[in-house]
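Visitor: Protein chains in written order, with our numbering: chain A, 1 to 491; chain B, 1 to 495.
Errors might be hidden in some of the hints.
As the list claims (entries may be wrong) - Straight line, CA to CA, 30 Å or less: simulated BS3-like cross-link-like pairs of lysine-lysine:
#: 1; chain 1: A; residue 1: Lys-390; chain 2: B; residue 2: Lys-111
#: 2; chain 1: B; residue 1: Lys-94; chain 2: A; residue 2: Lys-93
#: 3; chain 1: B; residue 1: Lys-94; chain 2: A; residue 2: Lys-340
#: 4; chain 1: B; residue 1: Lys-172; chain 2: B; residue 2: Lys-111
#: 5; chain 1: A; residue 1: Lys-383; chain 2: B; residue 2: Lys-111
#: 6; chain 1: B; residue 1: Lys-187; chain 2: A; residue 2: Lys-389
#: 7; chain 1: B; residue 1: Lys-9; chain 2: B; residue 2: Lys-187
#: 8; chain 1: B; residue 1: Lys-145; chain 2: A; residue 2: Lys-340
#: 9; chain 1: B; residue 1: Lys-279; chain 2: A; residue 2: Lys-340
None of these hints come from the bench; they were simulated from the model.
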Amino acid sequence: MTDLTSLTIAEAREGLASKSFTAAELTDAHLAAIEAARVLNAYVLETPDRAREMARAADAKIAKGEGGPLAGIPLGIKDLFATRDIRTTACSKILGNFIPPYESTVTSQLWRDGAVLLGKLNNDEFAMGSSNETSCFGPVTNPWRREGSNTTLVPGGSSGGSASAVAALLCMGATATDTGGSIRQPAAFTATVGIKPTYGRCSRWGIVAFASSLDQAGPIARTTRDAAILMRSMAGHDPKDTTSVDIAVPDYEAAIGKSVKGMKIGIPKEYRLDGMPAEIEKLWSEGAQWLKAAGAELVEVSLPHTKYALPAYYIVAPAEASSNLARYDGVRYGLREPAKNIIEMYEDTRADGFGDEVRRRVLIGTYVLSAGYYDAYYLRAQKVRTLIKKDFEDCFAKGVNAILTPATPSAAFGIGEKGGADPVEMYLNDIFTVTVNMAGLPGIAVPAGKDTQGLPLGLQLIGRPFDEETLFSLGEVIERAAGRFTAPRWW
Amino acid sequence: MTAAAAPHKLIKRATGDWEVVIGMEIHAQVTSNAKLFSGASTAFGGEPNSHVSLVDAAMPGMLPVINEECVRQAVRTGLGLNAKINLRSVFDRKNYFYPDLPQGYQISQYKSPIVGEGEVSLELDGGRSVTIGIERLHLEQDAGKLLHDQSPTMTYVDLNRSGVALMEIVSKPDIRDAEQAKAYVTKLRSILRYLGTCDGDMEKGSLRADVNVSVRRHGETALGTRCEIKNMNSVNFIGQAIEYEARRQIEIIEDGGSIDQETRLFDPDKGETRSMRSKEEAHDYRYFPDPDLLPLEFSQAFVDDLKAQLPELPDEKKSRFITGFGLSSYDASVLVAERESAEFYETVLSGLADKTRDGKLAANWVINELFGRLNKEGVAIAASPVSAQQLAAIVGLIGEGTISGKIAKDLFEIVWQEGGDPRALVEARGMKQVTDLGAIEKVVDDIIAANPDKVEQAKAKPAALQWFVGQVMKSSGGKANPKAVNELLKSKLGV
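The following block holds chain B by itself, in its conformation from the complex (with noise of 0.2 Å):
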């Protein structure tokens, strides 16, 4: 299914429906403990080229050596969306002068990439699904960085980045809207995460993305000419930047202008995008195959062996959530959505007695009353105060019987302030449900007594009945076994 099948927004305009076509290009960066060429270190937040080798440095004479663990990484996320791995690939070198580029060119691939098409498939509101196409995935190399305000008159270059590895992520331009946009890197960051093959750290800058957008009158067929907003590294921003973006192409066109072939840039402070360079000013690359690497050749023997151990991926994970354990699609979804948020209700199952009948009660439990309340006081779910053992434990103890759903709510917020064992918890503070059916008979027997005009409502229209068991409820603190009240006053009351 492409994405133009399926239902999506169109700018309604007095000069009719337009529609947006968007494709994206994500930088993600490699996980891996060296650089994509060298070995130096990878690491965040070094004091400035401390993690630069020789070869990072561009000395003379210096040559590259492929990373294998890269070449890994980038076959692992290929798999992940599904697509075609190469077996055969090509480094080429992308040639222009900026000086955070020390060799004057980027090792990147060009005609022969590392990974062939592939799709990501989206979840949209209300139940919408759309397939966005995967163009190819190639392995590069990332710059250097320019500090500008070290010195009034000079800049200076740090090049710990140079020579990270990079996955660019190449889309087919199958989006059509700034909500599909959104959830496609939503998507995509969260299928990386799960590879480990990329910590989609939008702030350290570990994802980007390059959105291509173009316009069109609903129904065309033909591309519009398209505008690149260059370095998006946040989901809100590609969709404001889209917004405005889709509007400012509509409004030339219609104003009988056209479309200048341009990189623009996005200003979140004044949410819109403004021109960077235009076509002309692009830069001739110059790209031709890299003489100091020989072609990336692998056997479909190593592919495979990454294959089968691949972990499970967000969409196998929901769909064994949905038809394991009952879960409502969204509540799979919410669940699957984080690497993080779906380990944590993994190891509540795993702490479950019985899975299958508390399976979705334990869906239940972990979004509304955890996350919930990690929401609200701003907690990362890896700080929970509330393990997932002692979630475990709490579900059991609600579906086994043993307190009820109001009093497992009161427990939670014990576990929550003050730690301990739910279980010695509930036997310590006397929250144990009572089942006894005879300290409940007793119970039942002195309010009806007490209140013979109700038992006569209740016996003309027994939903009147509700209002014994709130009584009986009320008098035992709670702690009365709900479904068993509801029993036995049905049969002192013959209704």
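Looking at chain A on its own, in the form it has when it is part of the complex (with noise of 0.2 Å):
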């Protein structure tokens, strides 16, 4: 029998389905491979039990004839998303042994679909990062190494344990989140597919919030096709998320396969970077070149206020965050620092239970937010973000069907290497991801190739509102072209 874990969704789902192998066999070769990866610390917490049981069930739907589109398939989840019972910490101090008694509204629904939990995987804290390196569980190491090199890289963030979890076949797909490329920059470090869909595709419900208007979640999978069947699962309306939009959710996956001729694709002259590696620059014509032979047509568009959206993002974000972390206040769940005064208690408390980079997010959020300074950062940065958006409807409104850029202006770095002298160091990873996240629009990142080390990277796709089918007939033509890449197994 070939190794389980190495199956994508698809292929696995055929298998049950064909009785070749059962959910609790499926699940039994992940919860293996996850023992013997622990040195990846892409999981925060392993829930075997709950994952037999819920393979079993899986197992007697199947053989029922009962199995929903995910029976049996196991899946990691990203430590943001609420599960019931099962603690979530947002891999921050502060959350502690939290055990929500309810479950998100995303997570419910991939339970619904007869998926399995496998465990909760490792992010930046509150999903603030791009290298998972502020987790309080620590950093996860990412499978891929550059050639002849046993330097430990960075998965990206803030779903590094998604990524590098899904890279390393300890799970079939997982949840993500991305408020300014967390889903889509972890991709591109590890070979793996990511897709931020439309705001408003999927529910917020249960998912602890970051930056509310930026928020939204996504799967990270193995294939294009892995990712839409995901998606179909992950996204709906959710009338307890008043930002989740009422539109029936499609059949992404039969968009898969799915001809191209004829869509046009916007190549953005501002996302050609002064200093940009070549191998990007080439990876980027490389890309464009393929979908071309697919019978695309590429045109050159301009989104002229592409270099103030990281700025803009860097306001907007930790101003939302600031607030919305203001609940973690040692009063009701969490941690608490026994203080003598409710002052002291809040200061102890998150003094010790925020890390780093939270504390800093906070900070300049509660800094862009205060009276006399409102309108200069947080107002200005809203109307940055109105002309982002418009510069997107312009192009749009010129017939382009979706924009085609780089993920990420590298491929994955070492732990440690970024952003300790200087935070907006790690910041610039997410330069051609923000705008995607201030725009609200949907953006998947594929690999697409390699470069000089080794080390994949990937492409991203940018689409129109609600328009997720045409990212993954796109993405599958790169796919397509440029092969699948697997890390090589050394832990």
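Got two chains here, each in a separate frame; can you build the complex from them with the hints?
Guide: This is the structure we're talking about:
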């Protein structure tokens, strides 16, 4: 029997249906893989008992012909998603041993469709970071290494645990969230497929909030087809989240293999940065040529406000975060540092409970919302946001179906290599991805090649609102042309 | 008309006349079954933390969903205040840390409230009236409650109120003295209760006022520095606090000092206000639009529909009482002041065979006999031993001439004590007014025959006729119809 963990979701679905193996066997294979890969620190909580129980239930349903679209598929869940009766921490010390009495809408839809929970995945604390180094559980290791090097690399962030686990075959797919690039950047760093859907496509209910107007859940998987399969279960309107949109969820998988002939692909000139590595430049034009070869038309487009996106993002996101994180005050749940009065209790709890990066962003956010600074920072950033949105609207109004860009300005870097002296160095990782969150658009990262050191690189496709299907169709064209990338196992 | 043009009380001092300028922020708890952004119950008096949803406790990942009934209530209230309804409004976060505020922010409306400018007209003693401008009304969440008396070392938090919907109704600084301020709160409370949008129960904290007070020399137009007296939950205390605060401020200025803008608390035991926190200590609330909530938008048709179903409000009811039944402005005001008394009067009216004839009489009976008695005995109108139907029957009996006003008072007493159908009681106990001319004539003749000297007096001086009327009424046990007696005497004596 081939290693069950190397199957795609689509393949496993076939195998389960044809009774080649059981969900219990599939889950056990993954539990064993997880155990053997603890060095990667991808999981912050393993739930083998729950996993086996859910797998048995899936087998019973499959036997009765009642298996859902994800029956028996073992998944990892980013620790930002509340899982009922299972510790949920957002990888922050401040949540301590928090066990929610509720299940996030997105994960409950996965369980409804038969998926199996393997455990909770590591992430940057409160999803704040681009390298998964800010987690209170320590950094995650990327299964990918530079050729001939033992240097430990980051998997990107904030969904570093999700990307690492999917790439290292520790789950068949994972949930992730993306506020400024947290799905697409780690996907690009690990040769996995990650899609951030349109804002409002997935419910945010039960997902620990970072920046409410930017946060969106999405899957990380090994293929575009698998990402499409997961998306269908994760998406949908939720009356408990008034920013979720009541639009029918299409069969995303049907978009895989659909012709892209005649589609107009925008190549934004503003994404050609000074000093951009030649290999990124090369990858980008290669990707464009693959799409052209599949019948798409390439057009140069302009997104003139791109250069303001990152600074504006680092005002809007911390502003919302400073308010969203106010509830972690030591009063009702999570960490409490006893003190002699309430003010000191707040101060001690929050100083001890939040890591450096979270504290930095809470401070920035508090500052930009303060009386006298609000207009100069927050209000101005919102205006920039409107302009960024309009850039894209103008582009799509000219008939452009999707925009192709690099996913990241570089391949994965070493742990401790970036941002130590200047946090902006780390923030620059999101330069190609934040615009998409600011505009609320869907964006997909697909593996497209390797750099000279043998590290994976990804391309990003940005779509029209609620047109994730086009992204899956185009993404699969690139995937087919570029081939599959599997991290050599060294652990 | 603005309040400045209306007559109001100035504070006379050796240094000249001073004017008080008052603006109020009323927090009115919205009458609704569920909270503003969660499905938890709003019932008062539950066990601590028994009406708390995951949203109210601000658990990670929880999101607010607007309760449409609260929106309807705010719009109804806006319409009742003749205010502009904003078809688009925005919820903002007001950020501050306090253990009774689980989210670390209150969801409120800052720059774009649901209701804009409106007005409330007040009737003051002596028939004066004044219109107070409404600046805005917005929806916001209430906070929880801290319990300091449960443990010697710890403070407990009860989140039952956390997230309950409040309407903050902000007046313009149009109020000029304590009397107007009290009348304003009373009137606003009455409007809210008519609308059914707030129960107005100040003791339970359903209606609280923050009172902004400043003073200036009479004739000045610029506003003085204000102090805000927080969380007042009694109309009388509001009056006392304003009187105290105005004098305090005047004395400071007269002594050459200046007023510090600050928040103050009223101590009802000492009858004084004292400083709570200064402007420097004031929070920077870092308001910004709540990214969890889309702007609140509804159509004009939604507003029109609510408007069409609005109940009759005190001002309209009052003018209908005056024009329809000839009530005095004062009587009409008394009846409409409370929704319950107006409803009682309306029920009496509906029990009358001839409303136009007896409407005014009914008002007198409701106000003087019934309310007088209820007040005296300390009984609430809802528990009145005499029902509106019974009172209507008594008034009807007077109006149609079956009983006299004097007998009616006896009848009222019987109904109050024993109950029963007034009409049946009149029959059973022989209380009917005698209108039979034959029977009255016999009595009149007897009295004339027995008092020849009085007859002479009456002939010389017709005012002396009243002595005969009294005698006849007396010997008929009050049942003779006074009008018939009068006419009969006049013809017999030829006066």
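Visitor: Each hint needs a verdict: does it hold in this structure or not?
Guide: Hints versus structure:
1. Lys-390(A) / Lys-111(B): Between Lys-390(A) and Lys-111(B) the Cα gap is close to 25 Å, so the pair holds against 30 Å.
2. Lys-94(B) / Lys-93(A): With a Cα-Cα distance of about 26 Å, the restraint between Lys-94(B) and Lys-93(A) holds, given a limit of 30 Å.
3. Lys-94(B) / Lys-340(A): At roughly 27 Å apart (the allowed maximum being 30 Å), Lys-340(A) and Lys-94(B) satisfy the hint.
4. Lys-172(B) / Lys-111(B): Answer holds: Lys-172(B) to Lys-111(B) is near 16 Å, not above 30 Å.
5. Lys-383(A) / Lys-111(B): Holds, because 17 Å separates the two Cα atoms, which is no more than 30 Å.
6. Lys-187(B) / Lys-389(A): 49 Å, violated
7. Lys-9(B) / Lys-187(B): 19 Å, holds
8. Lys-145(B) / Lys-340(A): The given pair, whose Cα atoms are some 21 Å apart, holds under the 30 Å limit.
9. Lys-279(B) / Lys-340(A): OK: Lys-279(B) and Lys-340(A) at ~26 Å, within 30 Å.
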